[in-house]
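Peer 1: Sequence:
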Amino acid sequence: MKADRSSISTIRLTDIYRDSNIPFLQVNRLQNLPSDFVEYYSGHRHDYFAVFFFLKGMGNHRIDFVDYKIEDNSLFFIRPGQVHSWRFDSPVIGYALKFSPEFFTRNSAVRSAIFSFPFFKSGTSRSKIQFRESGTLARDFDRLLMERENGSDEGILFALTQLILLEIKREYEFGWEASDATFELISEFEQILEQNFIRERSTLFYARRLGVSASALNSACKNRLGINAKSVINERIILEIKRLLVHSVNSISEISREVNFSDNAYLSRFFRAQAGVSPERYREENRKVQ
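The opening position of the sequence shown corresponds to residue 1 in the UniProt record's numbering, with each subsequent residue numbered one higher.
In case anyone wonders, no lab produced these hints; they're calculated from the structure.
Using N, Cα and C, we set each Cβ at its ideal position, and we do this for glycine too.
Watch out, some of these pointers could steer you wrong.
Unchecked claim - Pair ranges (Cβ atoms, derived): (1) S9 <-> E184: 28 to 38 angstroms; (2) G151 <-> E284: 20 to 30 angstroms; (3) L145 <-> E200: 39 to 49 angstroms; (4) A109 <-> E284: 18 to 28 angstroms.
Claimed, not checked - Subject to a maximum C-alpha distance of 30 angstroms in a straight line, what follows is the list of computed DSSO-like cross-link-like pairs (lysine-lysine): (5) K56 <-> K230; (6) K56 <-> K121; (7) K121 <-> K230; (8) K222 <-> K56.
All chains, full assembly: derive it from the sequences and hints.
Peer 2: So, in structure tokens, the structure goes:
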């Protein structure tokens, strides 16, 4: 059974900026956001990638139910399908970069080029990094803003966007052995998991898809993530249930069907075992803070 994950509506970048000459790329200054964005909550999935770079400011940024501190030189990544909100406790200065997958498929010979950037791969657990020195990246953002405002050729905008993402990648991988075999295995596992977690929940299924033994996959997960493969699978299922509890109006029974549980009692037992509270209690508590 393939679950329908459409009960949370999706915001498309090309719908927001349909009057723009290049609707699948937007770059803005955070300090120019409308005043009502000081406390922002979205109950929708987005179909685009986003980078938020805070040069100055304080506050909280919640991404898929994980709270991150907004501080000077902090940078956040959002992937399609994620839900986020924020609260600013002081005036902010920085940049917001948003682009749809189409922007890369139109301008790159490699359809999967966007996933050469590890922070945009499905399942990555790092949604924030701290920049050690922000001057170069800020200048690159300023150049992209200028070219975008001047209506420059799409190829120039794509090259500048790639430059920004490469600068971020270098900082993201600083101190990490990002090219080692374990990193690549976990990255591929998380991408396959994202495509299949509704239907397939056994470690053996993913190990076979990856061409390794279940014990090898478990070992890699423990070394890189500190948990075994089954726990990674369960965490992804729990995340989807949390999204549906907080951002949809569906009943527990309807959510059970969406995430391919046989009945709501089974889902409730699973959720309580993983999250420590009942689905009903989680929904009530988290809707209060939105």
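Peer 1: State for each hint whether it applies.
Peer 2: Each hint, compared with the structure:
1. Remark: the range hint 28 to 38 angstroms for S9 to E184 is upheld by a beta-carbon distance near 34 angstroms.
2. Roughly 49 angstroms separates the CB atoms of G151 and E284, a value that falls outside the hinted 20 to 30 angstroms.
3. Between L145 and E200 the beta carbon distance is about 43 angstroms. The supplied range of 39 to 49 angstroms therefore holds.
4. Roughly 50 angstroms separates the CB atoms of A109 and E284, a value that falls outside the hinted 18 to 28 angstroms.
5. Between the alpha carbons of K56 and K230 the distance comes to roughly 40 angstroms, so the proposed pair goes past 30 angstroms and is violated.
6. For the suggested pair K56 and K121, the alpha carbons sit about 27 angstroms apart, so the restraint of at most 30 angstroms is met.
7. Taking the CA atoms of K121 and K230, the gap is about 20 angstroms. The hint holds against a cut of 30 angstroms.
8. Proposed proximity of K222 and K56 is contradicted: the alpha carbons are some 36 angstroms apart, above 30 angstroms.
Violated hints, in rising order: 2, 4, 5 and 8; the structure is consistent with all others.
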